[in-house]
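These protein sequences, in sequence, are chains G and V. If you read the first sequence in my numbering, its first letter stands for residue 1, the second for the next number, and so on. If you read the second sequence in my numbering, its first letter stands for residue 1, the second for the next number, and so on.
Among these hints, one or two may not hold up.
When the alpha-carbon atoms are kept at most 30 Å apart in a straight line, the in silico DSS-like pairs for lysine-lysine are as follows [unchecked claim]:
{"#": "1", "chain 1": "V", "residue 1": "Lys337", "chain 2": "V", "residue 2": "Lys255"}
{"#": "2", "chain 1": "V", "residue 1": "Lys75", "chain 2": "V", "residue 2": "Lys93"}
{"#": "3", "chain 1": "V", "residue 1": "Lys237", "chain 2": "V", "residue 2": "Lys27"}
{"#": "4", "chain 1": "V", "residue 1": "Lys318", "chain 2": "G", "residue 2": "Lys81"}
{"#": "5", "chain 1": "V", "residue 1": "Lys286", "chain 2": "G", "residue 2": "Lys81"}
{"#": "6", "chain 1": "V", "residue 1": "Lys337", "chain 2": "V", "residue 2": "Lys196"}
{"#": "7", "chain 1": "V", "residue 1": "Lys291", "chain 2": "V", "residue 2": "Lys232"}
{"#": "8", "chain 1": "G", "residue 1": "Lys81", "chain 2": "V", "residue 2": "Lys27"}
{"#": "9", "chain 1": "G", "residue 1": "Lys125", "chain 2": "G", "residue 2": "Lys202"}
{"#": "10", "chain 1": "V", "residue 1": "Lys337", "chain 2": "G", "residue 2": "Lys171"}
{"#": "11", "chain 1": "V", "residue 1": "Lys263", "chain 2": "V", "residue 2": "Lys337"}
{"#": "12", "chain 1": "V", "residue 1": "Lys93", "chain 2": "G", "residue 2": "Lys81"}
{"#": "13", "chain 1": "V", "residue 1": "Lys89", "chain 2": "V", "residue 2": "Lys27"}
{"#": "14", "chain 1": "G", "residue 1": "Lys81", "chain 2": "V", "residue 2": "Lys298"}
{"#": "15", "chain 1": "V", "residue 1": "Lys244", "chain 2": "V", "residue 2": "Lys291"}
{"#": "16", "chain 1": "V", "residue 1": "Lys93", "chain 2": "G", "residue 2": "Lys88"}
{"#": "17", "chain 1": "V", "residue 1": "Lys71", "chain 2": "V", "residue 2": "Lys298"}
{"#": "18", "chain 1": "V", "residue 1": "Lys93", "chain 2": "V", "residue 2": "Lys126"}
{"#": "19", "chain 1": "V", "residue 1": "Lys298", "chain 2": "V", "residue 2": "Lys89"}
{"#": "20", "chain 1": "G", "residue 1": "Lys81", "chain 2": "V", "residue 2": "Lys89"}
{"#": "21", "chain 1": "V", "residue 1": "Lys298", "chain 2": "G", "residue 2": "Lys171"}
{"#": "22", "chain 1": "G", "residue 1": "Lys81", "chain 2": "V", "residue 2": "Lys337"}
{"#": "23", "chain 1": "V", "residue 1": "Lys89", "chain 2": "V", "residue 2": "Lys232"}
{"#": "24", "chain 1": "V", "residue 1": "Lys237", "chain 2": "V", "residue 2": "Lys337"}
{"#": "25", "chain 1": "V", "residue 1": "Lys232", "chain 2": "V", "residue 2": "Lys93"}
Treat the hints as calculated values from the structure; they're not laboratory data.
Here's the letter readout for the chains.
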Amino acid sequence: MGYGNLSIGAVSITTSLSIYFGLTYMLTNYGFRFDIGWYLTSLTPYMWACIGISLAISLSVVGAATGIYSTGVSIVGGGVKAPRIRTKNLVSIIFCEAVAIYGIIMAIVLSNNIENSVLDSVISKNYTAGFKLFGAGLTVGLSNLFCGIAIGAVGSGAALADAQNSSLFVKILIVEIFASAIGLFGLIVSILQSSGARISDKN
Amino acid sequence: MFLDVLFNIDNGYLEGLVRGFKSGILKNQDYINLVQCETLEDLKLHLQTTDYGNFLANEPSPLTVSVIDDKIREKYVLEFQHLRNHAVKPLSKFLDYITYSYMIDNIVLLITGHLHQRSVQELLPKCHPLGMFEQMGAITVADTSASLYNAILIDTPLAPYFIDCISEHDLDELNIEIMRNTLYKAYIEDFYNFCKELGGPTGEVMCELLAFEADRRAFMITINSLGVDLPKDERSKLYPRCGKLYPDGLNQLSKAEEYDQVKMIAESYADYRPLFENVGTNPGDKTIEDKFFEQEVKMNLNAFMRQFGFGVFYSFLKLKEQENRNIIWIAECVAQKHRTRIDNYIPIM
């Protein structure tokens, strides 16, 4: 389809612009202006922490939504000729919903760590906390996103297989349990990352 | 090619529905019950316990085989049209492609009927309902293929397939068969390219099925033209080029003059060698068409093993057609009380 040409166009424009700007900076002796460290510390820790929180909840919800619609339409379609699958397969939807719940738990936990801070002496501790909260939010968001996609694909197959042969459902459910475990891993790592990270005057 | 999860946004419900329809296809046990029927009323009773239900309830007795045929076809046509009505692109385009082959058959039916002096009113009910298009009744006014194209077919989706068959010759029996095969060749190559572009599970499943169909057409055209006065280069222009036989097998087939040469050509292709073994025309042997049907059923059942693809829609329609042929074969044997070859149906599941 046209997507192939569009993505080739986007990638080539991006690459050529980066090469152009990189060469301009280098050859005009202004290379010191390309300073990643300056960029990281020029954003306040509040910005980093709040972006982390938003990524935690929004990416988790995208993953859960993908899973729910993937599985839901297959349950509806398969349930037309095999109505017995409708109740049993709601378990797949519950697994997807759990992914969204991990996201909201982490978002609440992370947002409790932000307070107002005016002292100059605690700036470096605040920056540490800001980066940690950003990392924690990104971790849980991305892992829940892919967990939701995986549960959706497996749940859809489980619904259609159950419609043909009811003994298959329990076996495919075991695959789904492993798929939902990866979301849990993201939650655990994220809690470890954000423990002790606090933006406040009391640091 | 798109991610598997994006497939379910537009097509998940319809795939679930088609798999439900497929689970209602008659199993071996049902066929064993049907074969034991003594009359068509028994057949109707046995079909009531299957997915067909009371579809013959309102028909006046005595039942005839053609009534049963019409009602069976009506059922799966209704299911297909339901799917088509709910589909969006690209599934809607895919389902439209499937209907083009029935349009080609309808056009040829109408022209042949007109040649034999039958009226349009008589012929229209015999057309396949999936291949209907507007201006069907006007087909009979054309007598050369050029006027047929300019007047009617240019507005139908079959217009691009006519490039190779426009000529000023009058439409007579031989030319109509050549026209049918040329149209079908253009159609199947176009369909093959469309599926290949879609890629993913659809491309993989459909390209295999369409390659088999193309090769089957090539073999049948060769076998059927062995005694007929058709020049070799004309014959080779009718072979679809999207199958496994292209290019070497098709070259050899166009030079074949006897059935044994065709069999020898098939021997060098592992897929087609077993189909030509043990074939004969004695009672108790299978014919080559039966063997092709069996292979087609096997490949269509395999298409259901892939999720997130469109192959299931095509295979569902083909399996229902095969089931239709099976039930009508059994019904004819029962109605004529000629039960020696009643077991010659092709078992599906």
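Hints, verified against the model:
no.: 1; hint: V:Lys337 - V:Lys255; in the structure: violated (44 Å)
no.: 2; hint: V:Lys75 - V:Lys93; in the structure: holds (22 Å)
no.: 3; hint: V:Lys237 - V:Lys27; in the structure: violated (40 Å)
no.: 4; hint: V:Lys318 - G:Lys81; in the structure: holds (20 Å)
no.: 5; hint: V:Lys286 - G:Lys81; in the structure: violated (36 Å)
no.: 6; hint: V:Lys337 - V:Lys196; in the structure: violated (48 Å)
no.: 7; hint: V:Lys291 - V:Lys232; in the structure: holds (26 Å)
no.: 8; hint: G:Lys81 - V:Lys27; in the structure: holds (16 Å)
no.: 9; hint: G:Lys125 - G:Lys202; in the structure: holds (10 Å)
no.: 10; hint: V:Lys337 - G:Lys171; in the structure: violated (49 Å)
no.: 11; hint: V:Lys263 - V:Lys337; in the structure: violated (36 Å)
no.: 12; hint: V:Lys93 - G:Lys81; in the structure: holds (25 Å)
no.: 13; hint: V:Lys89 - V:Lys27; in the structure: violated (33 Å)
no.: 14; hint: G:Lys81 - V:Lys298; in the structure: holds (24 Å)
no.: 15; hint: V:Lys244 - V:Lys291; in the structure: holds (18 Å)
no.: 16; hint: V:Lys93 - G:Lys88; in the structure: violated (35 Å)
no.: 17; hint: V:Lys71 - V:Lys298; in the structure: holds (26 Å)
no.: 18; hint: V:Lys93 - V:Lys126; in the structure: holds (26 Å)
no.: 19; hint: V:Lys298 - V:Lys89; in the structure: holds (29 Å)
no.: 20; hint: G:Lys81 - V:Lys89; in the structure: holds (25 Å)
no.: 21; hint: V:Lys298 - G:Lys171; in the structure: holds (26 Å)
no.: 22; hint: G:Lys81 - V:Lys337; in the structure: violated (36 Å)
no.: 23; hint: V:Lys89 - V:Lys232; in the structure: violated (41 Å)
no.: 24; hint: V:Lys237 - V:Lys337; in the structure: violated (44 Å)
no.: 25; hint: V:Lys232 - V:Lys93; in the structure: violated (36 Å)
Figure legend: structure checked against the earlier numbered hints; hints not met, in rising order: 1, 3, 5, 6, 10, 11, 13, 16, 22, 23, 24, 25.
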